[in-house]
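Trainee: Here are the chains, one letter per residue:
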Amino acid sequence: MTLNIYGIRHHGPGSAKALLGALREQPPDILLLEGPGEAEDLLPFILDKDLQPPVAALIYNAKDLQEAHYLPFASFSPEFASIKWALKKEIPIKLIDLPISKQLGLEKAEKEKQDLIVFGEKHGNESDEMSADPLGFLAKVAGYEDRERWWEVHFENQDHPAEVFDSIMELMAHLRKETARTETPETLLREAHMREGIRQAIKDGHENIAVVCGAWHAPILRDTMEYKSSHDKSLLKGLPKINCAATWIPWNYEQLSTASGYGAGVISPEWYHLLFNNREDADIRWMTKAGRLLRKKDLSTSSAHIIGAVDLARSLAALRDLPIAGIEELEEAAIATFCEGNAAPLDLVRKKLVVGTRVGKVPKVIPVIPFQKDMEKIIKATRLGKYRDTNESHWLKGTMDKPKGGIDLRETNDLLKSQFLHRLNLLDIPWGAYQPASETDLGGFKEYWKLHWKASFAMRIIEAGMWGNTVEDAARNFILKKAKEAKDLNQLGTLLQQTLLAQVPNTISSVVSRLKDVSASTLNIPVLIKSVGPLVNSLRYGSSRQMNMMQLEEVLHGIIPRICLGIPAAGQSLDEDASQDFQQDLFTFNQDLQLLDRPELLSLWQEALEKLSISPSANPLLIGFANRMLLDAGWKNLQETSISLSFGLSKAQHKQDAALWIEGFLFGSGQLLIYQNELWGLINNWVQGLDKEDFEGILPLLRRGFADFSETERERMLDKARHPEIQNKIEEELLELEKSVLSDVQDLLAIISGSN
Amino acid sequence: MSAPKQQVIRQLAEQEFASELKALIKSDKLTRPVNWLMSPQAVVTYIMGGKLKDGTVISPKYFGNQRLIEIAVATLVTDRALLLIGIPGTAKTWVAEHLAAAISGDSSLLVQGTSGMSEESIRYGWNYAKLLAEGPSEGAMVGSPLFHAMKDGKIARIEELTRIPSEVQDNLITLLSEKLMPVAELNQTIQAQQGFNLIATANDRDRGVNELSSALRRRFNTVVMPLPKNLEEEVKIVTARVNTKIGSAEAISSKSGLKEIHRLVTIFRELRSGATEDGLSKLNAPSSTLSTAEAISVVNNGLALATHFGDGTLKVEDLAGGITGAIIKDPVQDKAIWREYLETVVKERKDWKDLYKACKEVI
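One line per chain: the protein sequences are C and F, in this order. According to my numbering, the first sequence is numbered sequentially starting from 1. According to my numbering, the second sequence is numbered sequentially starting from 757.
With a straight-line cut-off of 20 Å between C-alpha atoms, the simulated EDC-like cross-links for lysine to aspartate or glutamate are:
hint: 1; chain 1: C; residue 1: Lys364; chain 2: C; residue 2: Asp41
hint: 2; chain 1: F; residue 1: Lys809; chain 2: C; residue 2: Asp321
hint: 3; chain 1: F; residue 1: Lys807; chain 2: C; residue 2: Asp321
hint: 4; chain 1: C; residue 1: Lys177; chain 2: C; residue 2: Asp223
hint: 5; chain 1: F; residue 1: Lys785; chain 2: C; residue 2: Asp321
hint: 6; chain 1: F; residue 1: Lys935; chain 2: C; residue 2: Asp311
hint: 7; chain 1: C; residue 1: Lys237; chain 2: C; residue 2: Glu196
If you want the footprint, here are the derived chain C segments under chain F, 3+ residues with CB under 8 Å:
hint: 8; stretch: 297-311
hint: 9; stretch: 318-327
Every beta carbon over 10 Å from chain C, so not counted as near; a handful from chain F, in silico:
hint: 10; residue: Met873
hint: 11; residue: Ala1041
hint: 12; residue: Lys1109
Calculated from the structure, these hints are not laboratory results. Quick reminder that beta carbons are idealized off the backbone N, C-alpha and C, glycines included.
Let the hints inform the model, and build the full structure from the sequences given.
Mentor: Shown next, in the form of structure tokens:
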């Protein structure tokens, strides 16, 4: 019996190539790999022509999807390459690592013990950098950024691929002995499990066994016979276990390159891809691609440049005593030749050039959950497939002329798209970023969507599937549950908006009735005010789509009077900061009410403002502001306002208060002062009447009041203060303006009637 | 002090470091490109410094990123020319000279780019007496440094490439791409020998003067020479360069001398980057370049003062004048900036009181 242990570097193209060479030289009758048993059923799909790496095996707890492991594979991953080879040769394959069901069981037990969250660890859960990628670690210690290059330098030049693995084995055996590090209990368990796997293969009568594992484990597995089987068995006995399901999901190079979360920390997947598939001329292909990409960024990179750059990269490699140019030589050469020594242009294309945008594909025959099937059906029906099969973000229906595209909800298929994307957003699958035609125009029929599919959605899809078997069902159940759990008006307001957009039948009434309950028990006026905005938007949106919004109307008719009644009291005894917040609330509340335009509610609002405007103990900021809104709405005329202003600025008033009054009154715009001479005169006289000390005292407040005005507004005011005679001019200007507008309108009318 | 061996003010690199070059050539077992004195690897060692197997210590000529030097040397192996770009005083010329010395053993094939240059300086001129006597002949030709570099397969250098008028620059295109120089008068063509290449330097700040045409650009690989990465590195450079220039290490090996250099470099770095080294406050930057080379010349100037008018050790008074002169290039703006720096930064540093006083006196 021969036992060959091949210690590899996960995702190393050099490793993959050497491994294939070694396997061809000495074909085994069984291939054992470091990988969890649950993935075994997935392996045959690798030969399916519709499976295109990068892909990941997702192994998850069917009951709690927070517990899951990803095993990403690229075409250049040694495991993937060797499995593919063995499948073609019909050599049996076994995955002998500790099953995920047990790893999850352990994690859970550990979590319960320490009350620590260990979710989100890297696949394989290696405990530190050295055991996660020992060869990579060594490369880094030796000063190589690009680990592949270190591999090339040290192992690639051997004549027989198998010998490479001998040297790795020696190196690792030495390292494990020298460092004498205590392995984590988990690593020990995994190694015990792998040894058991090897023993089983021997027991089954295999004569020529090949084991592919991370280099760190290689010496331990080689010495399998030196460990007692009973020892390993007792270690593995009685481990907690969680039932797991497994499936293939598409992956992409970008995810492969991120070191955190589920990424594999491969710095340059696209370069590895080239190295694995086109090793002989990888540098030429890379440089040509770099030249072409830079050309698109308006750099003049001719073929002659590319030749020069390859030439430089190769002589750099020779100078550094490397068999082939690595990513560093290539980048340095590209910078010197294409970019005039400046690294910035290369940064623009580095993502495409080094990380790559390749997205994997998974065959349709792979068992999927019903929710996903429903999703596929909708994607097909709405023709959204092409937006999913790309790694970049695109505007839905974007064209050259209309880059942002846009869909029209009056068209059935577009409406379906909109509903679908909104429902996915609800279910936390944020495929599309929604943009209404304009912020306030919720009633419009246009929607803009920016779609960006991410491989990580695979997990979210399975999670969403727990809510229901179709997208609609899942969305409904999700909404009902959220509505039931929601405790504050804000959440419910947002949920209602989402629900309306997603148009899930039989949900709105539940959300609204919950809203009614919660609002009844909410006493805080600012909180109530804040909830009005989303509700008004929802009402307008629903009404414009002929939905029955009676119930929501009722809710608003319940909330708004309560707010109006509460405002005068709520405005009492607030300090300055609180007053400013409250002022902002009132401002938006006013806008909402004007939009809603219900006379009976508006008159309540008027009453509230009137009360606030004469309330003696309210902050002067709010009094000034109430006066302003009364004036704007036409509920108070100029004369009445002048009286209030004069009162607010009277000599007996504290100067600070007077300044706050002005600030509140001028909130938003200074136009009023420029064109209303009476008000201007009042404020002007008041300022002029201040003595120096008072003036200095309130200057900061006044400045704040005027700070929001536009530059031109302030300039005109200054002019006005300096040259009172200009006042007349402004009035004349106004008259002129009126006249010119009038004549424009007349012209227009003439044109219209003339064209008729 | 022993009498200097040579009477020249400044020796060529290949003369000054002749023994290092010799040792490198002797121990170099790697392949050499045709007409190169040593292998590319050995050239890198010559520039970056190191210790040879026979024990010879090679002094570092360039303090900084070895990768840059590797790119430069690798470029010279290919058939593209090398363009070193950087602000004044980033050791462009220095590196170019040493590269030429190590590769061809001859750093004298130099053309200084000026705005009034004619194409004879790049191609060839004539000895008119001979031309009249003999008519056009090889003997009557006066070749440019480039002409000789091509004939002998050596490295030629052009300083300040962007100062050369565009129409004269264009002469370089055929020379670099076809590697030949036609001599129409003799109906001949000079073909470059293996080993010929060109190192050009250009100034970042001059970019607009006579920018290279894209046709010429294409013949060059560009390496940008950066400013020293951090304070310590820059102090090291200044100290090393001053030492080689003076020829004796005594002057600044003293503790006080080193301290002065440290402070000087700090001031230059801070004003250059517009922020204090600790990153706590923002500063106004003067119009002057304040390169490392500038710092070196300030120290040299100070040393001269110390040697001839002081007790031989570098003191803060010897530097104050030089610093002020280096920083104030614009009499109004720079002066205000320098004053502000003195008052807000120098004055606040406890052990910089003497420097503050000395600088205040000369401003």
